[in-house]
Every structure is written in structure tokens, then in C-alpha cells.
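When the letters of the sequence shown are read in order and numbered with the working numbering, they come out as residues 212 to 720.
These aren't lab readings, by the way, just hints derived from the structure by calculation.
Computed from a prediction, not measured in an experiment: that's the story for all the values here.
A portion of the hints provided could be inaccurate.
For lysine to any residue, the following SDA-like pairs were computed, each having C-alpha atoms within a straight-line distance of at most 20 Å [claimed, not checked]:
1) K636 with P709
2) K624 with T703
3) K444 with D457
4) K700 with A655
5) K624 with P709
6) K630 with D592
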Amino acid sequence: MGKGKKRVRRKDKYVGRKPPRHYQKRQRSTSVYFLIWAIFATLSLFVVITLGISQQMLLERSYKDQARKDVSEAGKKIETAIHAGPPEWINDNYAGYLRYLAQTHNVRLAILNADGEVLFPKEVNFDPNAPEYEEMLDYSKEFATLYNKLQNKDVDFVVYQGDGEYVYGANLPLFGQTDAYLYVGRSMEFAEAVATKMLGRTVSVSFFIFIASFAVSSAVAGWIVKPIDAMTKKARRLAEGDFSVDFHGSDYGKEMVELADSLNFARDELSKTDRMQKELIANVSHDFKTPLTMIKGYASMIMEISGAIPEKRNKHAQIIVDEADRLASLVDDVLNLSKMQASLDVVKFREVNMSEYVEEIVSRFGYLQDSQGYELVVDIDGDLYAEVDERLIGQAVYNLIGNAVNYTGDDKKIFVSLKRVDDKKFRFQVRDTGAGIAPEEISAIWDRYYRAKETHKRPVKGTGLGLSIVKAIFQRHGLAFGAESEVGKGSTFFVVFPIAGIDEKNPKV
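All chains should be modelled from the sequences, with the hints used to inform the complete structure.
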């Protein structure tokens, strides 16, 4: 790097901006605000139109039923009055009397002969005793309908809906042997006018409701979307690394409060993970740097000092080998953990005698009993089988025992047991007598980035990833596992295995 040039820290190119398109889920891009408004407005409009149409149909039906009833009653009264004859004050003015009846009952009244000719109304006086036929109104269409209905139903009168009116029709014997027909019509113009007016009002009300629903739904949508929008902005700040955001704000309703609680929980977990990740990077960097420094230092000593002295050269070379092994172990642990968490490591299940296998693993720690005074108290039931990947389970068991050795108390005791729980499962556990783990930290001890605050002497070399690897192995096997601890009294790590090879004819356990 040239002199005078400042190193500029590269910032995230997405900070302060929306995530790139390939990060966005490919679904409909319509905003919640618009969807709420559209649904609210459409629903309001649908309700108004439905009510308007149903009301109009009901009103029209009611008017028609009433018109049918009225024309039937009016027709019967007029027919009775004609049979009874006009009162004395009419002075045999039948035409005037019929007009009087039509006006009284607010109907259109006509009398037709058997040929469909109009007897009333006509331009001259109507006299049933001496009819005079002159130019008259054309009732041929109405008569044809009336005549057909009377003939088809073989009745004396009918009530039906005609062209724009309800009709009462009946046989009306006049002039001795001559048949005549009574035609009484009640116009539907009023009902049609009311229906038309009602339709206009429905349209007007619908338009008003649409405008009102637009305003109300806009306000409601804004009220609902506002906290969501605020949470979205806070989520972007969280994605940029700002762990101080609080998702509670304009909270309303149980669902929004629960969402804010969940996001705050995610924030805390991300913050914890970020902090642990930084600590891991620092720790792993230190773990890598220490053996590399020692390898470089002792290689230089061999070149400059001990190269010609076999005893010192071999000692220094052995240190280089040991540190290279330590470095390789660290790299292997990191790679194995990554492979297992990414499900790239194939699990090869086979039936394993866990009783013999655990005893063999415990024996590897014998050197600690001889050289450093550690005591391993072992209690193992015989012939306990499980379907597992022998290599991976062996690594997990070794890591749990090694973890107990590193963290046990001053008495240097470690308790290892493999005991049958019932006919279907058995339990492996390792207990130490160390300082224990606080209850709030129990769930974090399996984390990839967790590192205990306490410092301990570690007679078993490790990378700090042991429990993370154990967790990944047990999860790949689908086993139930956990930890129990009490501050000042030590910790117990356990895993439960289903018993394999149970067969009624040839039992193995």
C-alpha cells in the first residue's frame, strides 16, 4: 500500500437501500395498503348494490302483488255493480255510470262483445237495451288475451298481468242472450316509476358509499399498515447490523404485539450470535496463530541453533509436529462441524455394541489417571446395542468426556455411565464436579459460537467447538440429548439411544 493513501473501510453496498430483487420473494407486489382499501371498498359496494337490487326486487314484487289484489277487488265490485244496475240518479246513463265506476276504482274499464268489438267506451252513449255501434277504440289484442285465458281455464273470471297493467276479466251476460266481457285494468306505471326512481337512488347511494368507503378504507388501511411499515424499516436497520432497534411501537391487537415480541427475540438471538461469532473469530484466529508462531519459531531454532545437535533438533522437531497436529485438529473440527450442519457428511448406520465401544473410548483417557491424577468413575451395563454411525458417535462420546475432564472440579473426578432406562432405550451420561453452568446459559452451551466465561486448565486439547460438534452429530441421528447443571455442583451431559436388535425369537439384549 502506497504512502499517504488511507485505507477506506468498504461498507455494505445495500445499506440504506432496499434489498436487491433476487432477495425479494417473487409474489404479487401489490401493497397491503392497496389490498385492504380494495377489499374494503369492494365489499362496501357489493353490500350496497346487493341491498339495492334486493330492495328494488322486493318493492317491485310488493307493488305487483298489491296491484293484482286491488284490480281483483275492483273488478269484482264493478262486476257486481253492473249486474245490480245503475242507481236512480244515473237516469239510465250507462256510459256515465261506467265512467263513474272506472274513476271510483281508478281503473281502465271496457266492455267487449263476443266478437271483440268495444261496447264501452265509445263516442256515443252506451245503452245495453239499444246498442249503437260507431267508431270505437281498438281492444282486439286485449280481448284475444282475455278470451284465451277464460276459455283455457274454463272459469267465469281471470286475473293476470297484461301489457303494462294487471287485468281482471269476466263473462258479463248482457242484451238477453248476447255474451259480453268485462275488462278492468290497473296500470303499473306508478310501480315502474317507483322502481326506476329506486334504481336511480341505488346508483346514487352506491356512488356515495364508494367515495365514503374510499376515504374510510384509506384511513383504516393506513392505520393497519403504519406499524408494519415501521417494522419493515426497523428490520432493514437490523439487517444492517443495528441491534438497538425495538420493534414495539404503535402496537395494537394481540397479533401485532406477538409479532413485535418475535422480532425482538430474533434481534436478541442475532445480536448474541453476532457477538459470539466475533468472539469465535478472535479465539480461532488466536488458536491458529499460536501453533503457527511456534512452528515458525522452532523451525528457525532448528535452522540457527539446534540443527547440528540431534537431541535438541529432535525435541524442537517434535514440538513442530505437535503444533501442526493441533492446527490440523482445529481445521478438521471447523470443517467437520460445517459439513454436518450443512448435511454434507453422510451418516452410515450400523448396529454397534455401545457398551464395549464406550469402554474403549474411556480407556483412551487412562493416561490422565496415571499422569495427572484424574479419576474416571465408570458404570456401564453390558450388551447395549444401538443403530448409529460408529465414527460420529465415537467422536461425540469422546468430546463429552473430554469436556468433562476440562471443566471438572479440583477433585478431578468424572462420572461416566451407560445404563438401561427400560426395554426400549438406554442413556449415556457424563458428569463433572466443576463450577456448573448458570440456568440462563444452559441453552447456549451447544451454540457454535458459545465460549464459557470461566477459564480452566485443559488437559485434553480442544478447539472450543466440541459441544457444537456433539449437538450436530446427535441431531443427525435424531437422538434426544441435553444438559443439566447446578452452579457450584457441576454439570451432566446426556443422550438417550433407542435399543437396537430387539427380536422376540433372537433377542440381543
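Cross-check of the supplied hints:
Only pairs whose Cα atoms come within 20 Å are accepted, and K636 paired with P709 is accepted, the gap being roughly 4 Å. Only pairs whose Cα atoms come within 20 Å are accepted, and K624 paired with T703 is accepted, the gap being roughly 13 Å. Under the criterion of a C-alpha separation no larger than 20 Å, the hint pairing K444 with D457 is consistent with the structure, at around 11 Å. For the proposed pair K700 and A655, the alpha carbon gap of about 19 Å is at most 20 Å, so the pair holds.
Simply put, K624 and P709 have alpha-carbon atoms about 28 Å apart, too far for the 20 Å limit, and the pair is violated. Among the hinted pairs, K630 with D592 is consistent with the structure: their alpha-carbon atoms are about 5 Å apart, no more than 20 Å.
Going through the hint list in order, the structure does not satisfy hint 5, though it satisfies all others.
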